[in-house]
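Colleague: So you can see what is in the structure, the chains are spelled out below.
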Amino acid sequence: MRHLEQEIQSLRQDVIDMWKLVISQVANAGEAVLSFDKELAQKVSMREKKVDAYELKIDSECENIIALHQPVAIDLRFVLAVLKINSNLERIADFAYGIARTFITNPSVILDAELITDTKLNVMIQQVNTMLSQGLDAFENEKSDFASAIFSEDYQVDEININAARIIADYIQKNPDRAYDCLQLIASIRKLERIGDHCSNIAEEIFFYIDAKVLKHAPRK
Amino acid sequence: MTSDIRHKKMLTIDAKNVDFYYSEFHALKNINIEVEKNKVVALIGPSGCGKSTFLRLLNRMNDLIDGTRMTGSVLIEGKDIYAPNIHVDELRKEVGMVFQKPNPFPKSIFENVAYGLRVNGIKDKTFIEERVIESIKSAALWNEVKDKLNKSAFALSGGQQQRLCIARALAISPKVLLMDEPASALDPISTSKIEELIYELKKDYTIMIVTHNMQQASRVSDKTAYFYLGEMIEYDDTIKIFTNPTELSTQNYITGRFG
Amino acid sequence: MTPIINTGNIDRKKRISQGVAFTIFKLMSYSVVAMLILILGFIVSKGIGAISWDFLTKAPEEGMTKGGIFPAIVGTLCLVAGSSLFSFPIGIMSGIYMNEYATGNKVATFIRIMTNNLSGVPSVVFGLFGMSLFVNTMKFGDSILAGSLTLGLLSLPLVIRTTEESLKAIDNSYREGSLALGATKLQTIQKVVLPMAFPNIITGLILSIGRVSGETAPILFTVAAYFLPKLPTSIFDQVMALPYHLYVISTSGTDIEASRGIAYGTALVLIVIVLIVNLLANFLRNYFSKKVKTN
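Chains as they are written, first to last, in this note's numbering: chain A, 3 to 223; chain B, 168 to 426; chain C, 1079 to 1373.
Careful, some of the hints might be misleading.
[Unchecked claim] Below, computed lysine to aspartate or glutamate pairings styled on EDC-like, alpha-carbon distance capped at 20 Å:
hint	chain 1	residue 1	chain 2	residue 2
1	C	1269	B	257
2	B	268	C	1254
3	C	1184	B	233
4	A	215	B	404
5	C	1263	B	261
6	C	1184	B	230
7	A	52	A	41
8	A	51	A	96
9	A	215	B	414
10	A	22	A	63
11	B	342	B	256
12	B	206	B	403
13	C	1308	C	1139
14	B	407	A	213
[Claimed, not checked] Estimated spans, in silico, between C-beta atoms of each pair:
hint	chain 1	residue 1	chain 2	residue 2	range
15	C	1110	B	190	43 to 49 Å
16	B	304	C	1198	55 to 61 Å
17	A	86	B	230	50 to 56 Å
18	C	1168	B	230	26 to 32 Å
19	C	1206	B	189	44 to 50 Å
20	A	8	C	1089	36 to 42 Å
21	B	183	A	89	46 to 52 Å
22	A	86	B	205	31 to 37 Å
23	A	169	B	415	51 to 57 Å
24	C	1192	B	293	50 to 56 Å
Treat the hints as calculated values from the structure; they're not laboratory data. We treat Cβ as the ideally placed atom computed from N, Cα and C, and that holds for glycine.
Construct all of the structure, not just a fragment, from the sequences and the given hints.
Modeller: And the structure:
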């Protein structure tokens, strides 16, 4: 294998490892919220540093490849895509950490199971997890089709986010004493919605890298 | 509608269905290439792919080789340069060429640049002098040689010699400038000077350059043609070729995954 | 660090055989120089006594056992000039034709084979041929003209070949550079190729002069006089020539023993002439190649 190919291979492996870590961060953060598992939330908080370390490593790998190998065509697109996927993944991990932190710092927050089902928080967590895994699948197998579902799934996540506002407002009117908990809940829902956005950014990068199509800011169905 | 506009636009180089043979060897296969005025086109491809052969078709340098045969047509500014009424030496005034190795003549710097004018019968001393100075300036060499125009061209460095050769080609005011790996024998500093020069020259000339240096092709050219085994695999905007080539073969070559 | 393979023994052998080989090469090349010095020393020591102003400026006297060699020197100069007038233009032009115009075609290949064959022909055959063609058939008689033409024929292959080689040594990129500027082939040859090839061509020409001035066999039947103390007045006169004179006084003179000293003197003059010609060739090559570069 050529030198550049080796570098790109090891960069690809680092991205995959980081990606898997981010998936488990999001999954654990969601699981912690749904099952009131403080220990799990602690674990997410602890592993946030590891994600940051990956981000730095991948950044410098990209920098080195560009400086030393002057990649072109698919190699160039790969490195550029990885640079952006990298920062998107890091943001996603940040949100997962944020969700876990909210839960750790506010131990009194206990959510109503009914409210969770009404706001579809569980569905939302499920959805962003699927999106992340689909992205990873597409990246690993270099198949952009695997990532095409992400855009419509992001749309569903946005829907849930919009509807949640009304549902929570109604809930607060009925249970004004739970207003604080509800604000924490809406913050987490906002974060999950942002995770969805980052997932679709990643999907765009995958399309750019594999098919050289720029989907950004294009209206989609 | 669009096709009308395209036809009205004068192409500087227009090669149609060009096939070329060295005796039995089919060196170029059905090449079609259109070059607009004031563009730089880079020809890339592995050794022996036919890119230099194609370049040398444009000033009929291949005529010098015995047993070669060409079919198809090459138009330069609308004139078929292989038509029977075209004189090769007149064509070569219109299509200048710079070679891989700097090849200044064993004459003074001034006489090197004046050579093309003199062999074409120009005797007017003031005109020759003006043209020589102007050409040396265009080749970004003036500051380095203005005090030693009567010194031998061999006293210059390789990079300066190559710019002198460019000045020499410019002196007869060609329309097209062909460059056959003009920087491959030069150090990086001289190379970047030549590249800067190409960027400047494109304002006045149409340039076709053969290069083995991928980065050079991407830096200096507007369009890139990739040749492989005598075929032109892909011809497109340089930016397209180097970010997202259509053909896998092109991608394999420019990313270095070739063979 | 110990090497993976122990090569100590082989390394020593390699070094020894290398040393032996180079010593042999060195001795051989020194021996060439030694032989040259020996010959020169021999001639100089034997011949220097005969050299005097009179020897160089007077005709031979008393059955060539006394006097000088002036007519022979003049004769040789006449033959050199005559043969050059004949062979230089023809040779240079054919060389240009073969290398610049007819490269690779069958005519050029044929001419090249023929000139190579011509240069392999022994010089005495040239003499016989010159006699039958120039002296007898064309009725020039034994004359400077016939001798010059014969010598010219002899040096023609050398002139053609040096011209061709000198032209071949000029990198094609110079020709292409000139042609690419709209110059014709003739302009390219005149203005670029010939000036660059000039130093080498000149060297070849001068060396051919050296060769011509030393030849005996071709002039034997075509021009050389056994004894002719007067100087030539036309190209149809016979002349004496140094190499032939040397041959005569050392093999068939009136008194070989008595003319021994003169013979060595003649040999010395001949050698000095050839040496001067060679040195001149070297000097001119350096001079012109410098001039080509700085012009």
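Colleague: For each hint, tell me whether it holds in the structure or not.
Modeller: Outcome of the hint check:
This hinted pair checks out: residue 1269/C and residue 257/B have alpha carbons roughly 18 Å apart, not beyond 20 Å. Straight-line distance between C-alpha atoms of residue 268/B and residue 1254/C comes to about 11 Å, which keeps the hinted pair within the 20 Å bound. Of the supplied pair hints, the one linking residue 1184/C and residue 233/B holds, its CA atoms being roughly 12 Å apart against a limit of 20 Å. Straight-line distance between C-alpha atoms of residue 215/A and residue 404/B comes to about 17 Å, which keeps the hinted pair within the 20 Å bound.
Of the supplied pair hints, the one linking residue 1263/C and residue 261/B holds, its CA atoms being roughly 18 Å apart against a limit of 20 Å. Proposed proximity of residue 1184/C and residue 230/B is supported: the alpha carbons are some 18 Å apart, at most 20 Å. The hinted pair formed by residue 52/A and residue 41/A meets the criterion: a straight-line CA distance of about 18 Å does not exceed 20 Å. Taking the CA atoms of residue 51/A and residue 96/A, the gap is about 10 Å. The hint holds against a cut of 20 Å.
Our distance criterion of 20 Å between C-alpha atoms is met by residue 215/A and residue 414/B, whose separation comes to about 15 Å. Among the hinted pairs, residue 22/A with residue 63/A is consistent with the structure: their alpha-carbon atoms are about 19 Å apart, no more than 20 Å. Of the pairs offered as hints, the one joining residue 342/B and residue 256/B holds, with about 14 Å between alpha carbons and a cut-off of 20 Å not exceeded. Proximity of residue 206/B to residue 403/B is assessed by CA-CA distance (about 12 Å); at most 20 Å being required, the pair is judged to hold.
About 12 Å separates the Cα atoms of residue 1308/C and residue 1139/C, which keeps this hinted pair within 20 Å; it holds. At most 20 Å may separate the alpha-carbon atoms for a hinted pair to count; residue 407/B and residue 213/A meet this at roughly 13 Å. A beta carbon spacing of about 46 Å between residue 1110/C and residue 190/B agrees with the range 43 to 49 Å that was offered as a hint. Restraint check, residue 304/B to residue 1198/C: a C-beta distance of roughly 57 Å satisfies the suggested window 55 to 61 Å.
Hint check: residue 86/A to residue 230/B, Cβ distance near 53 Å, so the stated range 50 to 56 Å holds. A hinted range of 26 to 32 Å for the beta carbons of residue 1168/C and residue 230/B is consistent with their spacing of about 29 Å. The supplied range of 44 to 50 Å is met by residue 1206/C and residue 189/B, whose beta-carbon atoms lie about 48 Å from each other. Look at residue 8/A against residue 1089/C: about 38 Å separates their beta carbons, and that is inside 36 to 42 Å.
Range check, residue 183/B to residue 89/A: Cβ separation about 49 Å, and the 46 to 52 Å hint holds. The hinted window of 31 to 37 Å between residue 86/A and residue 205/B holds, with their beta carbons roughly 36 Å apart. Between residue 169/A and residue 415/B the Cβ separation comes to about 52 Å, which falls inside the hinted range of 51 to 57 Å. Residue 1192/C and residue 293/B have their C-beta atoms about 52 Å apart, which keeps the hinted 50 to 56 Å range intact.
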